[in-house]
Amino acid sequence: MKPCVVEDSNFIISVIDPDESFHFQAILLLNELITRKNNIKIIIPSIVFFESVIKLLQRGVSPKKVENSLWDFLYRSEILNVTFPETAAFRIGKYLQGVNLEIKTSDLLVGHCGIEYEAQILTSDKTLWRALKKNNYQKAYYWHDRQQRNDFLKELDELIRRSI
Amino acid sequence: MENDKEPKKEEKTVRYKTNGKEAKVLPETKEFLERVVIKPKDLEKEKKSK
Chain C
593 MKPCVVEDSN
603 FIISVIDPDE
613 SFHFQAILLL
623 NELITRKNNI
633 KIIIPSIVFF
643 ESVIKLLQRG
653 VSPKKVENSL
663 WDFLYRSEIL
673 NVTFPETAAF
683 RIGKYLQGVN
693 LEIKTSDLLV
703 GHCGIEYEAQ
713 ILTSDKTLWR
723 ALKKNNYQKA
733 YYWHDRQQRN
743 DFLKELDELI
753 RRSI
Chain F
715 MENDKEPKKE
725 EKTVRYKTNG
735 KEAKVLPETK
745 EFLERVVIKP
755 KDLEKEKKSK
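These protein sequences, in sequence, are chains C and F.
Numbering-wise (the working numbering), the first sequence opens with residue 593 and increments by one.
Numbering-wise (the working numbering), the second sequence opens with residue 715 and increments by one.
Take the hints with a grain of salt, since some may be wrong.
Unchecked claim - Here are the simulated BS3-like pairs of lysine-lysine, each with C-alpha atoms no more than 27 Å apart in a straight line: (1) F:Lys755 - C:Lys656; (2) C:Lys656 - F:Lys744; (3) C:Lys731 - C:Lys696; (4) F:Lys731 - C:Lys647; (5) F:Lys744 - C:Lys647; (6) C:Lys647 - F:Lys753; (7) C:Lys594 - F:Lys726; (8) F:Lys755 - C:Lys647; (9) F:Lys753 - F:Lys738; (10) F:Lys744 - C:Lys629; (11) C:Lys647 - C:Lys696; (12) F:Lys753 - C:Lys657; (13) C:Lys746 - F:Lys726; (14) C:Lys746 - F:Lys753; (15) F:Lys731 - C:Lys629; (16) F:Lys755 - F:Lys738; (17) C:Lys696 - C:Lys633; (18) C:Lys633 - F:Lys755; (19) F:Lys735 - C:Lys647; (20) C:Lys746 - F:Lys755.
These are calculated hints, taken from the structure and not from any lab test.
Okay, chain C solo, but in the shape it has when bound (with noise of 0.2 Å):
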């Protein structure tokens, strides 16, 4: 199995939106993923692309634009396009336990489809990020830290030579 790299709205947003403070940030990091874009796979979760299509709109970005660069996302032979069956809703459930209740349920969606595929997550909510670590999974990256970017795209390398 490929790695699978979970990515959350922000990122998206990030790279589409010029405004966004991170957006430097992302499209770089997006160059990484594409250079390795042969040996790793994308998940994007469906809550991930209603988020992003919301915030869009909500910025005033016209639908066409919107429905077109998201279809641009959707395309590419690296994105896995996933959704949730209803008992995901249960197994959420086990990461409440002791995690902070103010975590939004979309982020604990990227939470867990992380946590199912295995897969680094790159996540702008510190709270989830704090979340997933104190529940000892190790592979949640807080992309707008420099470090953790790095860090992320090491262990990412890491992790391709293992499957190859």
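Add chain F to chain C, keeping to what the hints say.
What follows is chain F alone, placed relative to chain C:
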């Protein structure tokens, strides 16, 4: 951010400019970004605050 990892030397890269900064990226990345990144003409109305 200047210390972020950039593509390995043997990869052919091109320049991509955004917000006054320049990144060295793969041609494929540049092509993708040129398609997906929002341009002023893509805004229906004045951008709302985030």
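Each hint, compared with the structure:
1. F:Lys755 - C:Lys656: 12 Å, holds
2. C:Lys656 - F:Lys744: The hint holds at about 21 Å.
3. C:Lys731 - C:Lys696: Roughly 20 Å between the alpha carbons, so the hint for C:Lys731 and C:Lys696 holds.
4. F:Lys731 - C:Lys647: 24 Å, holds
5. F:Lys744 - C:Lys647: 24 Å, holds
6. C:Lys647 - F:Lys753: Since the Cα atoms of C:Lys647 and F:Lys753 sit roughly 16 Å apart, the hinted pair holds (cutoff 27 Å).
7. C:Lys594 - F:Lys726: Within the cut-off at roughly 24 Å; holds.
8. F:Lys755 - C:Lys647: Status holds; Cα separation ~18 Å.
9. F:Lys753 - F:Lys738: 20 Å, holds
10. F:Lys744 - C:Lys629: 15 Å, holds
11. C:Lys647 - C:Lys696: 15 Å, holds
12. F:Lys753 - C:Lys657: Distance ~9 Å between F:Lys753 and C:Lys657 Cα, so the pair holds.
13. C:Lys746 - F:Lys726: Holds, at roughly 21 Å.
14. C:Lys746 - F:Lys753: Answer violated: C:Lys746 to F:Lys753 is near 33 Å, above 27 Å.
15. F:Lys731 - C:Lys629: 23 Å, holds
16. F:Lys755 - F:Lys738: Roughly 26 Å separates the two Cα atoms, so the pair holds.
17. C:Lys696 - C:Lys633: 25 Å, holds
18. C:Lys633 - F:Lys755: 33 Å, violated
19. F:Lys735 - C:Lys647: 25 Å, holds
20. C:Lys746 - F:Lys755: Judged against 27 Å, a Cα distance of about 38 Å means the pair is violated.
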